[in-house]
Structures are given as C-alpha cells and as structure tokens.
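Construct the complete structure from the given sequences, taking the supplied hints into account.
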Amino acid sequence: MIPELGNFALIVALLMALTQSILPLAGAARNIPSWMSVARPAARAQSLFVAIAFACLAYSFLSNDFSVINVTQHSYSRLPAVYRFTATWGSHEGSLLLWTLILGLWTFAVTLFSRHLPDDMVARVIGVMGLVSCGLLLFMLLTSNPFLRMPMAPDGSDLNPLLQDPGMVIHPPILYMGYVGFSVAFAFALAALISGKLDASWARWSRPWTTAAWSFLTLGIMMGSWWAYYELGWGGWWFWDPTENASLMPWLVGTALIHSLAVTEKRGSFKAWTVLLAIAAFSLSLLGTFLVRSGVLSSVHSFASDPARGLFILAFLAVVIGGSLLLFAFRANQVGLGGRFALVSRESFLMANNILLLTACGSVLLGTLYPLFIDALGLGKISVGPPYFNSVFVPLVLPLLFLVGVGPLARWKQASVPDLVSRLKWGFAASVVVALLLPFTMGAWKPMVAVGYLSALWIVVGVAINVQSRLRSGAGWSANFYGMNLAHLGVAVTVIGITMVSAYESERNVRMIVGDTITLQGYTFRFNGVKHIDGPNYTAERGALEVTRNGNPVTILYPEKRTYLASGMPFSDSAINYGFTRDLYTALGEPLDGGAWSVRLFHKPFVVWIWIGAVLMALGGVLAISDRRYRAALRKQGRAVA
Amino acid sequence: MRRWTTFLLVLWLPLSAMAGEARPVAEDPVLEQRMIALSEDLRCLVCQNESLAGSRADLAQDLRQEIREQMRAGKSDQEVIAYLTQRYGDFVLYKPPLKPLTWLLWFGPFVLLIGAAGGLYAYLKRRTSRLADDSLSEEEKKRVTDLLANNGNK
Amino acid sequence: MKRFLIPLGIFIVLVGFLAVGLKLDPREVPSPLIGKSAPDFNLPLLSDPARHLSPADLRGKVWLFNVWASWCTSCRQEHETLLEISRQGNLPIYGMDYKDQPADALAVLGSMGNPYVETVVDLDGRVGINYGVYGVPESYLIDKNGIIRFKFTGPLSREGFDKKILPLVKELQK
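Chains as they are written, first to last, in the working numbering: chain A, 1 to 642; chain B, 1 to 154; chain C, 1 to 174.
Keep in mind the hints are simulated off the structure, nothing from the lab.
Even for Gly, the Cβ is constructed at its ideal location relative to N, Cα and C.
Check before you lean on any hint, since a few could be wrong.
Computed cross-link-like contacts, DSS-like style, restricted to lysine-lysine with a CA-CA straight-line distance of at most 30 Å [as the list claims (entries may be wrong)]:
no.	chain 1	residue 1	chain 2	residue 2
1	B	K75	A	K446
2	B	K125	A	K197
3	A	K413	A	K266
Here chain C is said to cover these stretches of chain A; the calculated rule only asks that three of the stretch's residues, wherever they fall, bring their Cβ under 8 Å from a Cβ of chain C [to be verified]:
no.	segment
4	309 to 315
5	372 to 384
Computed list of chain A residues with no C-beta within reach of chain C, every gap over 12 Å [as the list claims (entries may be wrong)]:
no.	residue
6	V38
7	W226
8	W234
9	G323
10	L325
11	N353
12	L369
13	P408
14	S478
15	I576
16	P591
So this is what it looks like as structure tokens:
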C-alpha cells in the first residue's frame, strides 16, 4: 500500500511541477497576474508531494518491505536501521528521488525568501525550476521508478559495504544540496535572459543563493574526500575518479561564478559572462549526473548504469542546457557593458581568476572525456588517470593561488601596481624566507614543499594586510568581507595539508605476529593479535594495535577485516587516530602463515588540514550570506515595488 | 576461525617472548617501493577505475608479482611498461604517452589558457576603448550644450 | 551575436560524443595482439599432464583459443555455444584452463560436455598475462600462420559467433 502511495505522490508531483512551470511562465510572458500567482502554491505542493514519495520509500526501506525491488536489491533485514534509512538513496532510483527532493527543498526556499522580488521574476524563476523538476520526475516515472514491486522476496541482497558508513548518512544529501543548489542561480539567470532585465539587482538576488549552493558543494566534496580516505583503505584522499571529477567541475565553475557575480553586482560589468557561468555551473551538475548514471564512463563509485536511462538523461541535458545556451545566444548581445575599469584593477584580477578556474575545469573535463572521444572516433582505448590530472592541474592552480593573495587588495576600477607592490613587498619577502626555511624542519627539503608553503603563506599575508587596512580605515563589520577572507584562509589551510601529506607521508606494510612492534615516525605500534567479532550483518577479524610514543600510551587502534553475510563481500575497515598535525592510519591486510597478519600503517602529517581548510571555505561562504547588505537591499527594493 | 583466535590468545604469553620488530611483508622493501611507485601509474584492468597498486583483484596481484620479478631480473621501468602495453595496450597507462592522438589532451589545457588570456586582454582593450569613445562624446556633447547655453545668456 | 553561439556549439559537439559514447562499452579493452603472432607457450594438457601442447603444433590450422575456468560463472553461459561450434566441426577449439584446479575443470567438462579438442592448463596465469587476458572467458581466433586475427572478450553467443567470427574463419580457411 505504502509504495503505491509513493508512486501516486510522484505522479501528483509531476502534475504540480507542470502547473508550476507552464502557468507562471506563460503568465509572466503575457503579464497575467493570476497565472503568475500560481507559482508559489504549485511549487510548494510539488515539493510536498515529492517529500511524501520520499517518506514512502524511506518507510519501505525501514520496514524491510522486500516486495519492492529497490529495497530487495539494496537492503537487508539485518542491516542497522540507520543504514536502512540511508539505503533509501543508496540506489540509482533512490538517489534520483533524493535529487528531486532537494530540488523541491530549494524551490520551497525560493518561495519563502522571494517576497521582495518583482512578481514576474518570481514566476519565471519558479517556472524554470519547475521545468527541471518535470524532467526529473518524468525520468523517474518512465525509466527508474523506485517503487516497482515483485513477489515478496525472502530477504534483500544488502547495501554495498562501502556505503554502510556514518559518512554516507550525510555526504550524499550535502553534496546534492550543492549540485542542485546551482539550479537557483541557473533559474535566476534564465529568468533574467527571458525578461531581458539583466541588471545589478539580478546579480544581488543570485549572490546569496549561489554562495549557499557553493558552500554545500564544498562541504559535500570535502566529505566525499574524507570518506574515500578512511573507507577505501589505502589512505588516499583524492583519486581523480570520474565521480569525483563530476563534483569538482561544478565546484570550479561555481567558484568562478561567485567571483564574477561580485563584479556584476558591484560594477555592473561582465553580465553576459556571469549569466553564462550560472548556466554552466548547473549544466555541469547535470552533466555529472549523466556521466555517473549512464555508464558512459565506468567508475568505482557508479553503482547504477543503464544506457536506456543514459539516453533519457542525454535528451534531458540536450533540452535543458541546449535550450538555455540558445536563449543565451539570442539575448546576451543586448546586455550593456557596465562600468569602466583599467587593465590593472580588481575587475581584471577577478577575470584572470575566472579564466584560470575555467581552464582548470576544462582540463578536468577534457581528461575525463578524452578516452570517450578517442573511443567514439574509433581510434582505440586509452586511460587518463591521476598522473595526467596532477601534472596539468597543479600548474594551473599555482597562479590562481597567487591571485588569491593579491586580488582582494586591488582597487575596483583602477589599481596601482606600485601601490600593490609597496603594500605586499615585505609580506612577500617574509613568505619566501619562511617557505624556504620551513621544509628544513621536516627533515628533508623538497622544492614542491617550498612552493606549497609559499602559496599558502602568500595568501595568509594577503588576508592579513587586507584585514589590517580595513580595521585601520575604521570601516565597520562586513560579513561579506570577512567571509571572503575566511574562505581564502581556508584555501591556504588546504594547500598546507596537501603539501605536507604529499611530501612527507610514510608507510609500512609489515608482517606481524602477536607482540611484534614497528616504529614509524616516533610512534611504536604493538600488535596485540586478532579477535573474531560478530557485527549486525557481518563477521570480522578485529586486530588490536597499541600505539605508544616514547613509552607513553597514545591510543589503541582496531582495524577490521569484515565479511558481509548477504553478499559475502570482504571489506577492510581501517582504524585511524586523528590528530591536528598527523594521522595514524592502520589497515588489516591478509592473514599470513604462522599466525601472522599483514598490516599496513601510515603516518600522514597534516592530512586533516585538507578538510579543515574546506570547512573554513564553506564557513566563509555562510558568513558572506549573512551579510546585512543583501537583506537591506532586499527590503529597500520590497518597499520600492510596494 | 574463533577457535583459532582463542588458541592464539592462549599462546599469547609465550609467543610474545619471541616477538620482536615486525618485518616488512615484502622480501625487498626497496624494490617493493619501486614496484608500487610504478604500478600507481598503471590501471587495473578488471576493476577499471583503480590503480594496479591499490587493487585487490586477482589479476592485479599477478601483475604486481610479474612486475616485481621483472624488476628483480634487472628490467628498467620503461621495459616493464613496454611489456605491459604489448599485452594490454595503452589502456593500462594512467599517464597516456605523448603522441599525435594525445596532443590535444596534453597541450589542450595550456592552449586553452593562453587563448583565454589573450582573448581577455583583447576584449578588455576593446572594451576600454569603446567605453572611452562613448563617454567622451557624451561629455563633449554636454560641454557643447553648456557652452551654447552660456553663450546664449551672454 | 556570433561569439555568443560558441558555448552552444561546444555543447552540441559534446552531446554528439556522449550520444556515441552511450553505445560503447567502457569495459571492453581492445587487444594490441591482433595481427601479431600468438604468444608461444608449452603447457601440460588437462587430459594428460605428461603431454604438452604449443601453438607451433597447430600451424596450418585455423583454431579458436578459448580461455576459461571452472570458477568463472559467465563461462557456463557460453559453454553451449562452444559445444555447438565443436559439433559443427568447422573450427577446432582449444581451451586454456586459467588459474584453476585441474580436478574442478575436469569435473565441469565431465558434467557439461567437452567442446575442446584439447585443453591446456595455465596454473599460475603466466600465459594468460602474455595473451593479455583480463576477464575470463576470452576467445582468440588464430590463423594458419599462428597470427591472432580476432579477440572476443566475454561469453560467446551463437549470434555473435555467426556474425563476427564465422565469416572471418571462412575467409582464413581459404
């Protein structure tokens, strides 16, 4: 009964989404207020019915309804309740429903926080988002219905062990909040293109939404990276896997968009470019979904792939993205030029930032799709992997980091190079000296470490000078300003983490019997043997490693080697002692002869900085959204419209 | 399995007396390091998106063993790579070799960057001159009308 | 106006490639050995480990080299096809039992029928590596001069064989 209810809710949601898009868009075009006023209630009803469908699916999972194919394939009676809940989006169908649900949430948020906007703008924004919802709901109902049933199965075949993890409870929702959040900026851009009213107020409306989506995406990527670090068992934190690339590309373009929106809002310049970026950020989110779901690129993470579905998504992409780009081509030339600025100015720095970010995104796209291009042209099969991405990405990111340091100090309209030099020279000199000396304290001097430190310190210096001159000028609190600086500091923190762990991580792969010890970077690990344990849906051999430093106890780590009951899949669960300056990472390998086990141990200096930095970036975004300027401006406009 | 572990636990005390510094799993850690460094840039064929170094698949283990033996026999990294590409093609290489087919891949990003930077520069120059033209003429117009008005007053 | 069409143009090209990509199988790896001599081996026979077989023994014949194992479930899917091919008698099939227990392999042949003229045993998978085997079952078509002409990865189906391999066999046997 409940699955049928869910299915019915999806159909009602589709009807609501059709109403939400057709009436308001037509109403805005013909200036019929009664049609436009349908936008909000229809959008809210659409979100509500998608939420009901989602609740029905979650209920089927939680209640072990093995007559639903989706539940049988991705759950198991002995799976802990929390993972039965997360299994709701552990499948292709379920993750699409989550996508649609989150799109509903963003639409709902737009209906709440758009009171100050002109009616036709609201109608168009909500209408465009409704069109996207229509596509997704149709896709689900036609090719990937999560509620399909079959005769009751005795039990399920369990959720992929990789997904049975606390991180997977929040990682997909947060990541999707980011992906889907760009739909708001996209809808604003399209609404502006349709109406022809591309002005600074449009940029001001889009900015908080874009920053919010970007913050979610930053957090989502950070969680994905952390998850890969502790879950995949060999301590890497980024694998350049197509799935990861699919989330990185919208992030890079989203970052460019945030900066370009700043120019458009403050100076009225680069309007066409900003609109294009807003379209591109959401298009890349959709493209990411396509790449992962269609099976066009195989990936360790892509858990559902089906060419028939791929064809539908491709058609959907062609309509949504192709349509928007066509609209862009027709309307972009009507956009004015905006304010004047010199070749050396904040505007130019921000454009340089945009070019580097887009080139980086283009390289990731090129590397991800190049094997497909070659194959499609019948020229053979090649692989493009981490060595390519590292060698192309790093040279593009280094000048970008340089800009992060200097850009915010440049004045709008016209900046003076001598002024910038005089403000930054001592900071630059200090960064160079420290960057050259610091690696010595780590034992081995490596050029890449010096470069990494230089970039990070340079950013810190830039932020410090910027904050200091603001304080000295007596200007008051600006959430936007401090948010930006916090996010830039986050970049520096991440750079330090990446530099340190890539240059100085150490690893041992040893054979241990009970009582054996091994010392790694001053930490002594003593192997206390292996114990058999029974988990809820797995059995495991659990090793115990007692860690001491100079005879003082540090911790005991319990890495496990699990076998999942339903699937029989072996799985290695690592044990990590987190620390501010180093992680101790252990994983249990295979049992060897003579009662010994192979054990992998890693010492990873500063690795958590990578994720701390990402959290700072996201927090910077949150801080920037809280800026009163947006709300004050909104209120003013609200009054003007009233 | 469980009995075996209890057995281990019973033997724990006497065993610990014999225990000492753990030995590396690999017989030759230096060679192992070299093998891992090389196999990180190679693709595991069965698992598709993992490196040969990281994969636990059977074939990956065999290939790692093969690489180990070839390195022990004194083969260079290039020779090992040639051995693998003769059998599995360029598909095993995570770092595609530079040849006409991959020129776009390797040079594309930098061409894109130079092109975009050049395009931006040209655009900014054009933009400034266009803005300058517009505003100058407006200013001139204003001055002209002002002058005219003043003249009329006089 | 024209430069605003550039993004659309790029996108259309991208969609074209993705559409073609939907039809491609990213898991299939073409063999670089096509058109080259079949790598040599000298392996014991499954039926009689004292006797050995080498590709040189099969010179002058067009033959199908089928890599399989008793632990490989998709090999069961193609077993019937292989039996049919062997019954027709146009193309001799030689098997290679890849990384397997000979006793298990013999049991499979005993219960399901034996399509192979002979099966050689590759216990440690070394010969498999030389042939670029990455997913069993795999089949290689080898001509009279010992040159590999075609490779098929995955379970052979009757239609697949008739369409892709049989015409080539007839051509090579001329």
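Hint check:
1. B:K75 x A:K446: 29 Å, holds
2. B:K125 x A:K197: Distance ~26 Å between K125 (chain B) and K197 (chain A) Cα, so the pair holds.
3. A:K413 x A:K266: The given pair, whose Cα atoms are some 11 Å apart, holds under the 30 Å limit.
4. 309 to 315: holds (count 3)
5. 372 to 384: Holds, because 6 residues of the segment 372 to 384 of chain A bring their Cβ atoms closer than 8 Å to Cβ atoms of chain C.
6. V38: Since the minimum Cβ distance to chain C is about 31 Å, V38 (chain A) lies beyond 12 Å and the statement holds.
7. W226: 28 Å, holds
8. W234: 22 Å, holds
9. G323: 10 Å, violated
10. L325: Incorrect as stated: the minimum Cβ-Cβ distance to chain C is 4 Å, not above 12 Å.
11. N353: 20 Å, holds
12. L369: Since the minimum Cβ distance to chain C is about 7 Å, L369 (chain A) lies within 12 Å and the statement is violated.
13. P408: 29 Å, holds
14. S478: 34 Å, holds
15. I576: 33 Å, holds
16. P591: Its Cβ never comes within 12 Å of chain C, the nearest being 21 Å, so this holds.
Figure legend: structure checked against the earlier numbered hints; hints not met, in rising order: 9, 10, 12.
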